[in-house]
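Trainee: Sequence:
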Amino acid sequence: MDLDRLRTDLESFTRQLSREYYMQGAGLKDDINFTSLYSAFPSLFTFENLESIKQAYRSSFSKTEKRRLRYLLESFHGEIVLNTSSKLQNKFLSKESTGILHLNNNEDVSYRSSLIKLYNAGSRNEREAIWQARNRFIEAELNPIVEQIYYMENGYAIKNGYNDKLHMFEELSGINLSAIDKDMQELVKETESIYVELLTKAAKEKLNLKLSELKPFDLQILSKSNEFTSYFPKEKMFSTIAGFIGKMGLDIEAGKNINFDIDIRDKKSPRAFCCPVVIPSEIYLVIYPRGGEDDYMAFLHELGHAQHFGNMQSDLEFEFKWYGDNSVTEGYAMTFDHLLNNEQWIKKIIGLNSREYLNQRLLNELMMLRRYAGKIQYELQLYRDMSLKGKKELYSKITSDIMKVEYPSSEYLTSVDSNFYCARYLRAWMFQHALNEHLTNNFGNDWFINGATGSFLKEIWSYGQMLNAEELLKEVGSRGLSVQPVIRSLNSVN
1 MDLDRLRTDL
11 ESFTRQLSRE
21 YYMQGAGLKD
31 DINFTSLYSA
41 FPSLFTFENL
51 ESIKQAYRSS
61 FSKTEKRRLR
71 YLLESFHGEI
81 VLNTSSKLQN
91 KFLSKESTGI
101 LHLNNNEDVS
111 YRSSLIKLYN
121 AGSRNEREAI
131 WQARNRFIEA
141 ELNPIVEQIY
151 YMENGYAIKN
161 GYNDKLHMFE
171 ELSGINLSAI
181 DKDMQELVKE
191 TESIYVELLT
201 KAAKEKLNLK
211 LSELKPFDLQ
221 ILSKSNEFTS
231 YFPKEKMFST
241 IAGFIGKMGL
251 DIEAGKNINF
261 DIDIRDKKSP
271 RAFCCPVVIP
281 SEIYLVIYPR
291 GGEDDYMAFL
301 HELGHAQHFG
311 NMQSDLEFEF
321 KWYGDNSVTE
331 GYAMTFDHLL
341 NNEQWIKKII
351 GLNSREYLNQ
361 RLLNELMMLR
371 RYAGKIQYEL
381 QLYRDMSLKG
391 KKELYSKITS
401 DIMKVEYPSS
411 EYLTSVDSNF
421 YCARYLRAWM
431 FQHALNEHLT
441 NNFGNDWFIN
451 GATGSFLKEI
461 WSYGQMLNAE
471 ELLKEVGSRG
481 LSVQPVIRSL
491 NSVN
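In the working numbering, the protein residues as written are 1 to 494.
In case anyone wonders, no lab produced these hints; they're calculated from the structure.
There are no misleading hints in this set.
The list that follows gives simulated cross-link-like pairs (lysine-lysine, DSSO-like), each with its CA atoms no further than 27 Å apart:
#, residue 1, residue 2
1, K206, K234
2, K91, K117
3, K404, K182
4, K347, K201
5, K201, K397
6, K391, K87
7, K95, K117
8, K234, K256
9, K348, K458
10, K29, K117
11, K389, K91
12, K117, K236
Have a look at the derived ranges for each label pair, beta carbon to beta carbon:
#, residue 1, residue 2, range
13, Q132, G174, 37 to 47 Å
14, L211, R58, 47 to 57 Å
15, I264, K204, 30 to 40 Å
16, A452, N163, 44 to 54 Å
17, E11, S400, 37 to 47 Å
18, S52, S12, 11 to 21 Å
Given the structure is predicted, the values throughout are model-derived calculations rather than measurements.
Where a beta carbon is used, it is the ideal one built from N, C-alpha and C, also for glycine.
Given only the sequences and the hints, what does the whole structure look like? Please build it.
Mentor: Structure follows, in structure tokens:
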């Protein structure tokens, strides 16, 4: 198949797959029929086409074309892997969306809505019961599926000439995972004292527990800011955010390109997401609203994605719309969601002036960063020797040590994002810090209500993902990716 036909078919396939992900994640259907979808494109994901891409990459002298082909090669490998495991992927999503947890009080709750129920539970005993039921379900229903996928993916990497999945990712993406791990372990060390101090204080004040008594299901409660909930009314979320977005010179719907799905459905994913179906003209932002600042944070995060996708150039090359370094789009998402950590935004948009609130946000940020530091440390070892022997214990130890809370082993695979996406998130944290610094220096401390900000953002959004995170920062005259500014920022808040 020639490359032009290949790219046309890939875009058609990607749009159909994205629509399926939206429908299933939004709770509008139970599963995704991966097998049927891939069967509709029988001559697309073949090793012959993979070899054609490799050959074109080796023989190309055009810098732009070579970049397109590198992005295409990385993603094409991923699509072949997904095609190979499509039956297992479909089985996993079906189990996840239709699964029912049986609680000790004879009450049933859907697996997907169980985290919402846990979050809103009235007692610690109730939270623990839901947590244990989730773990039982994961162990019995989900782990047997993802264990098969794990071995299938590693086998694919070896078959294609790589040492393991880790080697394959680094070769194709150009991202050094060990370097990111080293940076994050430095962050863990440098923020240890402030994290322990804030976590101990929150445990005592909110749950009357010692640090040593905390369980993983307690962390969701410690991340809640119930005393500030009234500042984040669910019914005003959209208008509040649309208001300041407009002052930046942006249209929250990006000229009708962005569709908002905020309805409550039992089978809807509890995790907010953005799903581009046709870039830039058909983008979905999906959220399961539950009230409070979490809604605002999730909405802002996904809005960053949606604005990025909805403002891309319509004639941008296929690879630069759909592929590339996702640290970029995650960085835009984090630039928006980190407004909740911005003292000026909290004062001017939310009407809240509280050091206590900012300390709560700092604790939440530390919990997330340390959780992802644990993820990348664990995933490097998970894929290094291509065996699951001892990995449950390893997951529990690494996560427990970093979080200072004893974690069970049940999520040793279900908590792993596909294709080392945790690295994209961690690079995005560094990216957003540098971008926020650039916005502040050029548009002021209240850049989020400066009309000139929108023009700048729309310009860099229009590039899609043609540039990686490092290149984009250089393009706007900012510093490169580094964990040091993140560490300094965390240590300066308290």
